[in-house]
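S.K.: Take a look at the letters that make up each chain.
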Amino acid sequence: MFRTTHSCANLVESGPLGFPMKQLESLRSDRPDVEALEDGGLIALTLKGDGRAYEVLVRRYQKLVYNVQYQMVRSHEAAADLTQDTFLKAYRALSTFRRDARFKPWLMRIATNCGLNWIRDNRVEDSLDGVLEETPWVEPAGRQNVEQEVEWRLSQALLQDALGQLPARYRHVFLLRYQHDMTYEDIAQAVGEPETTIKSLLFRIREKLRAMLADKMSA
Amino acid sequence: MGKRDRENEAIDDACTRARCTLESRLEGVAPDEAAEAETRAHLTTCRACATFGEQMAEIVAAAAALPQFDVSEALTQRILASAPASRPAPPAASMTMPLMAAAAALWMYLLVVVSVESVDGLMSWAVSLVLMVVLRLIIGGKREDLAVEGG
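Note that the protein sequences, when read in sequence, are chains E and H.
With my numbering, the residue at position 106 of the first sequence is 106, and numbering never jumps.
With my numbering, the residue at position 76 of the second sequence is 76, and numbering never jumps.
Excised from the complex, chain E in its bound form (with noise of 0.2 Å):
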């Protein structure tokens, strides 16, 4: 009698877009021409249907996605959703995506919007708002302040708290530059705004989150 080694080997599970899944994990191993396509190729695949070029695509970008997402609204659960709203608004947005233009900075635009959305309607209250209003760094160098000697330990948990107490739309940006390594002009163009006022945001928010871990390791 003829055994089948998995239970399931007679089932074909209807993967995404219509694909089974057994095809699509085949086809996986097998298409190391589509995963070394670049995004403007993948984008032209998926344009045309073809499913294994999305996936490729959302498995490129889904790490960074996810991340934006849940340092702006620092929930797991919430990260996730918002996630998935990113890439299907990105998926059905496809045909008006410039064929000139970058995608990492087009999806990011896309995530940027979703998370201060998600704000909005959570009404999650954002502290410190206008906190960056206040003027930077001008202190003459003999006034005893933030630059005493301090001795700092950053831990990461204390960043995080520090980060928390920005704006969410401050501390998106921040690490947009910061740890995601974005450039100037791709971040300007994720927020929707001029370099020349990310530049000076980012300014800002080093100075503020500077005097805010100064206070709490003095304290």
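Derived by calculation from the structure, the hints in this document are not laboratory data.
In this text the structure is predicted, and so the values were computed from the model without any measurement.
It is possible that some hints are incorrect.
Computed spacing ranges between beta-carbons, pair by pair [said to hold, decoys possible]:
1) VAL130(H) - GLN165(E): 26 to 36 Å
2) CYS20(H) - THR197(E): 13 to 23 Å
3) MET97(H) - LEU158(E): 55 to 65 Å
4) GLY49(E) - SER118(H): 45 to 55 Å
5) ARG136(H) - GLY49(E): 22 to 32 Å
6) GLU193(E) - ALA64(H): 19 to 29 Å
7) LEU129(H) - GLU77(E): 44 to 54 Å
8) ASP70(H) - MET217(E): 23 to 33 Å
9) LYS199(E) - ALA34(H): 17 to 27 Å
10) ALA36(E) - ILE138(H): 35 to 45 Å
C-beta atoms are modelled at their ideal positions from N, C-alpha and C, and glycine is treated no differently.
Given chain E, put chain H in place with the hints provided.
M.R.: Then chain H, alone, in the frame of chain E:
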């Protein structure tokens, strides 16, 4: 302005320049040699600015080292499964002209065939106007759904 005030102002200017250079370094912008030399010299005498530079560098480094979470396979499959089981919608603009042409042709036909002086003529006008409004709403709604700035 007294001598002390002028000295303080000079110190402030030196600190400002040094901190500008330190900020530039953080952004990966290489300062010119003169500014770099001036900053190095200043940092040896100004503990406040030296600490400023150390703290800023530490913040940036800590941010770069923040852990990133991996995405579970379950979430990946959820994302893929949520995409509509068809091609992404074609650009709305490509459908606009044919639809508008069809609507215009229908309107002309009704106008020519049926006179406005009869009840049927008035009905044909009403039908064609409703048709055009509905088509406009459909096209406009699809454009709003798909439009994402930055693409």
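S.K.: Could you run down the list of hints and mark each one as holding or not?
M.R.: Each hint, compared with the structure:
Against the hinted window of 26 to 36 Å, the Cβ-Cβ separation of VAL130(H) and GLN165(E) comes to about 56 Å, which falls outside the hint. Restraint check, CYS20(H) to THR197(E): a C-beta distance of roughly 19 Å satisfies the suggested window 13 to 23 Å. Between MET97(H) and LEU158(E) the beta carbon distance is about 59 Å. The supplied range of 55 to 65 Å therefore holds. A hinted range of 45 to 55 Å for the beta carbons of GLY49(E) and SER118(H) is consistent with their spacing of about 50 Å.
At about 29 Å, the CB distance of ARG136(H) to GLY49(E) agrees with the hint of 22 to 32 Å. Between GLU193(E) and ALA64(H) the CB atoms are about 22 Å apart, so this pair conforms to the stated range of 19 to 29 Å. Distance hint for LEU129(H) and GLU77(E): a CB-CB separation of about 49 Å, consistent with the stated range 44 to 54 Å. Here the CB-CB span from ASP70(H) to MET217(E) is close to 31 Å, well matched to the stated 23 to 33 Å.
Take LYS199(E) and ALA34(H): their Cβ atoms lie about 23 Å apart, and the range 17 to 27 Å holds. Take ALA36(E) and ILE138(H): their Cβ atoms lie about 40 Å apart, and the range 35 to 45 Å holds.
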